[in-house]
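There are 4 protein chains.
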Amino acid sequence: MKSAVKKIGVLTGGGDCPGLNAVLRAVVKTAILQYGWQVIGIEDGFDGLIFPDRTRPLGLEDVRGILPRGGTILGTTNRANPFAYPVTINDETKLSDLSDQVLSRVRSLGLDVLVVIGGDGTLHIAYDLMAKGLPVLGIPKTIDNDLMHTAVSFGFDTALNTAMEALDRLHTTAESHHRLIVLELMGREAGWIALEAGISGGADVILIPEIPYDLNWIACKLQDRQQSGSRFSLIVIAEGAFPQGGKVQYLPEQDLGGPRRLGGAGEALAHALQSCLKAEVRVTVLGHLQRGGSPSAFDRLLSSRFGAMAVHAIARGESGRMVALRDQQITTVSLAEAIGKQRLVRLESDIITTALSLGICLGLDPKKIQSI
Amino acid sequence: MKSAVKKIGVLTGGGDCPGLNAVLRAVVKTAILQYGWQVIGIEDGFDGLIFPDRTRPLGLEDVRGILPRGGTILGTTNRANPFAYPVTINDETKLSDLSDQVLSRVRSLGLDVLVVIGGDGTLHIAYDLMAKGLPVLGIPKTIDNDLMHTAVSFGFDTALNTAMEALDRLHTTAESHHRLIVLELMGREAGWIALEAGISGGADVILIPEIPYDLNWIACKLQDRQQSGSRFSLIVIAEGAFPQGGKVQYLPEQDLGGPRRLGGAGEALAHALQSCLKAEVRVTVLGHLQRGGSPSAFDRLLSSRFGAMAVHAIARGESGRMVALRDQQITTVSLAEAIGKQRLVRLESDIITTALSLGICLGLDPKKIQSI
Amino acid sequence: MKSAVKKIGVLTGGGDCPGLNAVLRAVVKTAILQYGWQVIGIEDGFDGLIFPDRTRPLGLEDVRGILPRGGTILGTTNRANPFAYPVTINDETKLSDLSDQVLSRVRSLGLDVLVVIGGDGTLHIAYDLMAKGLPVLGIPKTIDNDLMHTAVSFGFDTALNTAMEALDRLHTTAESHHRLIVLELMGREAGWIALEAGISGGADVILIPEIPYDLNWIACKLQDRQQSGSRFSLIVIAEGAFPQGGKVQYLPEQDLGGPRRLGGAGEALAHALQSCLKAEVRVTVLGHLQRGGSPSAFDRLLSSRFGAMAVHAIARGESGRMVALRDQQITTVSLAEAIGKQRLVRLESDIITTALSLGICLGLDPKKIQSI
Amino acid sequence: MKSAVKKIGVLTGGGDCPGLNAVLRAVVKTAILQYGWQVIGIEDGFDGLIFPDRTRPLGLEDVRGILPRGGTILGTTNRANPFAYPVTINDETKLSDLSDQVLSRVRSLGLDVLVVIGGDGTLHIAYDLMAKGLPVLGIPKTIDNDLMHTAVSFGFDTALNTAMEALDRLHTTAESHHRLIVLELMGREAGWIALEAGISGGADVILIPEIPYDLNWIACKLQDRQQSGSRFSLIVIAEGAFPQGGKVQYLPEQDLGGPRRLGGAGEALAHALQSCLKAEVRVTVLGHLQRGGSPSAFDRLLSSRFGAMAVHAIARGESGRMVALRDQQITTVSLAEAIGKQRLVRLESDIITTALSLGICLGLDPKKIQSI
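Residue numbers (the working numbering), protein chains in the order written: chain C, 1 to 372; chain H, 1 to 372; chain V, 1 to 372; chain B, 1 to 372.
Here chain C stands alone, though its shape is the one from the complex:
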């Protein structure tokens, strides 16, 4: 195959996620083995194109042995938006547009295309850079599984298994001690992890952001369970779930003064249930544990497919597009189309029907769920 491309750059942005290293390995191997290109690794997301000395060539040796490893060998950051970068001058911090600096860095590195691996925020930046003339190819990363234009992304399956194993562990404790245990899982806007981990981990109650919950309904259900002889219950709550009427406000991470407080949704629910049921309720917040660990088989395979097919798309001359899984095959969609659209749990989905069929309480009278 012939191709005008000679050198590509690659970066990982946003929260870390199992499978990032597998994507990097596939990008590097495919670019070198199939096309003989050079690959430049950019450290810590777009920061690596803002600060000096944060890029390095990636060869086959650099990606050896990284397939089973979580995290990203390039590093990442949640913060680096070059269009609004916090710059401090004379003790005053302002958001500055450093995008031209990024573009000139890309040029001086001689990159023909930039491969951007990241979530909606990172891909948005990629899109904006593309609008200024940078050829980019996006690879979707979302541990929450909430991107619209890919059936699923990598990291989600591993997070799901981690959350399910936590439920398996809590199950025996809850049963032995006849306790109510609340497990808070990731998911600020979309309840995929809570819903799917909850079903597969045998939760009795599952609360997701898509269904504002009714505390009294939950309390009734828990009392019914108690009276029918089940002396314990497992309650899964997504971090973004909230009671009817009152959505909790989360501050953007960088504004937080203290150590970031996780567990808000879970603790709030536990407090409410405790005063309502006069029963002891324990809370566990899984937090960062969901982002770590060796990727599952599904995630390692999908990551490898994304990485390899992204390079082939570049070789075909594609630009401004994102690889995606659709109908079990890897395809590409335009970045313009892909960004800014969130895939939430549809209430008419058979997964919701399954949860209700198994007797799981979703926080609301089932009759009311369809009319949300």
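By construction, these hints were calculated from the structure, which means they are not laboratory data.
Wrong hints could be hidden among the right ones.
Identical copies look the same in the list; a pair holds intra-copy or inter-copy alike.
What the hints assert, rightly or not - Capping the alpha-carbon separation at 27 Å, the derived lysine-lysine pairs in DSS-like fashion look like this: (1) 94 to 278; (2) 368 to 221; (3) 94 to 7; (4) 368 to 132.
Predicted model, so just to flag it, every value in this text is computed and none were measured.
Place chains H, V and B on chain C using the hints.
Frame of chain C, contents of chains H, V and B only:
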């Protein structure tokens, strides 16, 4: 919802598979909680409808705690085809048609519908019983992932992770001892497990039944690897993979005199490579270990969806159909359409492209693969 | 073997712990298969001897399949001290001595010996009941590994592996995001879990109750690490660890009004480090996850040995004793001797030396550690 | 601390084993951080002192991230005895004494002490080199746990968990299909892995080299089980177990012409049981899978202690000694004393008593076991 159905039977047939218990739990819970039906469990596949005293009512208590457990609480068997059942009279064994006996047993049990959980063979029997007037609903089970009309079935994802973890383990041994290690995985006709576990476990060579392999090509590739400084290699082979020209014959299980010999394909390859490369080659046959273990999150969820949606399909009056996953949703297809069609690895699939892009040897010159 | 014993009771008390079911299985199997005794299971610790209808015969069938399961099939509770049991009369709660009631229940059940599986608190109650004439045999349970008279008890090894796997997961996140991550583990008085999980999980700082920490020393060490190019650090803290000068007070569990607040020690440290280092610090509290899960091989074996050898000790006529692991063999020690003595980490132990040799910061200048 | 030592060499010999990398990390970190020594890594056991260019300096960076990884970054080999090394001249292979070459290499490298990590064979070579004047310090490695002078060594606990998990997996298959399943585990002379994994994995029959088995007794026990309604059985056999009267001969590995055949003991037993019981018997050979994987918490901790304390012993001037775990503390014993003594399962051990108490068949009438 109203429904004329009052009592359903359920059985599991064929090889065991992680997720069977999760299906049973969903069937029982949905039938009882949503419709108030009775559920009768039938032991050891169709054997439970041939022999007396092999059925029992399944209540909510019977399916408590079985979600995370492998295997099937009903038992299963690979052998019980009531249309050709081995009956021994006067020391002579003949295959007899006991299907009328099965039908009259179903009638005497008062079953309105029979839920049959099994692979292609078991579903074929279900179809034949349906042709004789029995209302059935099928739930596809195939650890090899080779059924045509469902995107995937349960058990496969768990088997994949088990196989991948085995590769992770063998990797360190192979690397420390500079060895060639062959791992034989399941897959008599379809190479899905070998292909996907091989990619996700970082195998250097993957041999599947869909691509008859060329020993010399493999030997060359292994020597290239050796010469480029990689002093070890991991070779994954599906049990049904075979060299170009000579397909290995497998005897049907029941004809085997001795303990069933696994490892044929792996050992044959190891012998051939050893004499060809003058290097020590070790073989591991994963065998039954792939069928066991607690199901993964994906498999627990899919099993639960299959079980719940099968009961809802019955309530809607469906019969002679099989639940299936299509386009990420559970639907039903007619059994007539579903059986007898095997889903093999398509050589133009992006998974094959990914394997080749990563430099994995698939047993044949890539140029020849497309022309098979 | 002959024995006057005919019927034994068994209960589990205190916090749940992986291996309890394996002990119960071994007690039941040994008592029935080797001696033909009857075994009565008592539910929820000593509560089962206070409330009616909370005992049941345990046969071989009852313990089938429980070896790999966490928790206890008998249930447990942290609270039931029959010598000081909270009884509410006219809205007033008083601690009453119900020990005579317990003794008469044991007599009416016809128990020759009571097998008590529990930690120091539970064994103390057993000892006090013994003083009133009840023949007891103790089996030590302590997930914190802080009982003096047994080299180790079951549950600890499983908890250690759970904690280590959490560290493995956090490692990739910390490394990818260049973060300080604090993991709070169990251990109110003894730092065994934090120390051993910390070393085996590659922690950079480990804080245990035995070594009151110096915040400035830790901050210096973290800055040194940063300056030498290690842009992330993992900090493990036992829940009972505290800074020099100020021991944190923990309220007894039953006095807490709200949902029990875990994470005190970890959050306090994170706050302090954050203001001291001007760096973002994240906290994860492992909490109840450490108590759950299927027991490790070591724990299943030790539990089985404890259970079997406890029954043999009863058959030999022993009473008022506790089984223990000493010099790799199961022996028995007198309860009088065993209770009330806590095994803390000795600062001159080679495990402490190992941690320091690996460059791990233990919260204090090593020169000062030996002089605590 | 002062010390005349300036430079140490380190090598790993014999079969690979989880924890080797953790030992190497602790040796390197302790030598550099505590004493400022140089460490030279020697590749592939003693081969690295025979062939040129097989040594390299090991710095802190080289051991970063290897704690959780199986295998050995230095490589190993089962074959390299410098006192009897196979040398081929004119197509004729003779065993030659290359020990002087090894000694002169050590001198030219300027090594003050050689740290030898290996099993009995490797430590024997170390002892013989010591006799010729080389200062050595041994670190015991035995996945079979059969070294006399250390309570336990690293790798064993990980192998045990791997074997137990395999039994957990086989359990559900055996139960669902009502099958006899044989699992062959490591252990040529000592049955530790089979015995301990068998108990912790719930095996019904456990056969170890220390107890030559009686096929009829096993068949009777399996029939009893069948008749009491247990329609499946799990049988664990150590690779070195053999029937009464006839010990199987194993050829030394290097003499084998074909790919090394594992599974001898298991397949032999399965054949015998199959003809004896007229029942289908399946065999799984765990093989190399037992040597791989990430080390358990126990193994990572013990490895770290061994590595750190070996370096401290060198600093104290010790030589010709081996670190060992005794009474839960690390100590050293003289190599002369340590080598050539195998720790077999003692038949009067409480582990044997426990197995029998649980109703496990050990291949022989229990009355006869004590008189072996």
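Now the hints, each set against the structure:
1. In this assembly of identical chains, the alpha carbons of residue 94 and residue 278 lie at most 27 Å apart only when taken from different copies (19 Å versus 50 Å within one copy).
2. For the identical chains of this complex, residue 368 and residue 221 are intra-copy neighbours only, at 15 Å inside a copy versus 56 Å across copies, given an alpha-carbon limit of 27 Å.
3. For the homomeric pair residue 94 and residue 7, neither the shortest alpha-carbon distance inside one copy (34 Å) nor that between copies (54 Å) is at most 27 Å.
4. Taking the shortest alpha-carbon separations for residue 368 and residue 132, neither the intra-copy value of 47 Å nor the inter-copy value of 43 Å comes in at or below 27 Å.
Violated hints, listed in ascending order, are 3, 4; each of the other numbered hints is respected by the structure.
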